[in-house]
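Under numbering that gives the first Met the number 0, the first residue of the sequence shown carries the number 0, and numbering increases by one thereafter.
These are calculated hints, taken from the structure and not from any lab test. Be careful, since some hints might not be right.
[Unchecked claim] Pairwise CB distance ranges, derived in the manner of DEER restraints:
1. P78 / E48: 14 to 20 angstroms
2. T24 / E48: 34 to 40 angstroms
3. G29 / T1: 34 to 40 angstroms
4. G95 / E13: 20 to 26 angstroms
5. E16 / N82: 16 to 22 angstroms
6. G93 / S28: 32 to 38 angstroms
7. A66 / G29: 47 to 53 angstroms
8. D18 / D72: 22 to 28 angstroms
9. A62 / R34: 39 to 45 angstroms
10. Q8 / V33: 38 to 44 angstroms
11. T1 / P103: 16 to 22 angstroms
12. S32 / A58: 49 to 55 angstroms
Yeah, the Cβ is synthetic: ideal placement off N, Cα and C, and Gly gets one too.
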Amino acid sequence: MTVQFPEIQPTGHEFGEPDFPVTETRSQSGVRSVRQWGDRASDAPMTLEFANITQAAYALIKAAHTAARGKMDDVQFPPIVGNGLTGVDLFSPGPGLKWYWVAPPEGSRVPGGKRITCRCTFRAELRL
Numbered sequence: 000m001t002v003q004f005p006e007i008q009p010t011g012h013e014f015g016e017p018d019f020p021v022t023e024t025r026s027q028s029g030v031r032s033v034r035q036w037g038d039r040a041s042d043a044p045m046t047l048e049f050a051n052i053t054q055a056a057y058a059l060i061k062a063a064h065t066a067a068r069g070k071m072d073d074v075q076f077p078p079i080v081g082n083g084l085t086g087v088d089l090f091s092p093g094p095g096l097k098w099y100w101v102a103p104p105e106g107s108r109v110p111g112g113k114r115i116t117c118r119c120t121f122r123a124e125l126r127l
C-alpha cells in the first residue's frame with residue numbers, strides 16, 4: 000500500500016543517485032572478480048530536513064511513518080516536497096524504484112520551545 004507523505008515543505012534535501020548492486024571479491028593470487036546482480040540500479044538515499052515546524056506538522060510526519068508500517072510500505076511525496084529543486088526529479092528515482100522509510104523520523108526541540116526540527120531518511124528500492 001502506498002502512503003502519502005504530508006504536504007510540508009522541507010528546508011533541506013540530501014540525496015544520491017541509485018547504484019547497481021555489485022559484489023567484489025579478490026582471490027589469493029590477486030585476481031579481482033566483480034559480479035553485477037540484476038540490470039537496474041537501486042538504493043538511492045534521500046534525507047529531508049524540516050526546521051522550525053509545529054508539533055502538529057511533526058505529528059503528521061510521524062503518522063505517515065506509522066501508516067507505512069515503518070519500512071514496509073512505499074511513500075509517495077506531494078509536489079511541495081520538491082520545491083526549490085531544479086533539474087532533479089525526486090518523484091522518479093529510476094525505473095521500478097519506490098521510496099521507503101529507512102528509520103523513524105528524528106525530532107528535536109529546544110526545552111520549553113514549541114517548534115521542532117525533524118529529519119527523515121528514505122531509500123529508493125526495488126521490491127517485489
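Q) For which of the previously enumerated hints does the structure constitute a violation, in increasing order of number? A) 3
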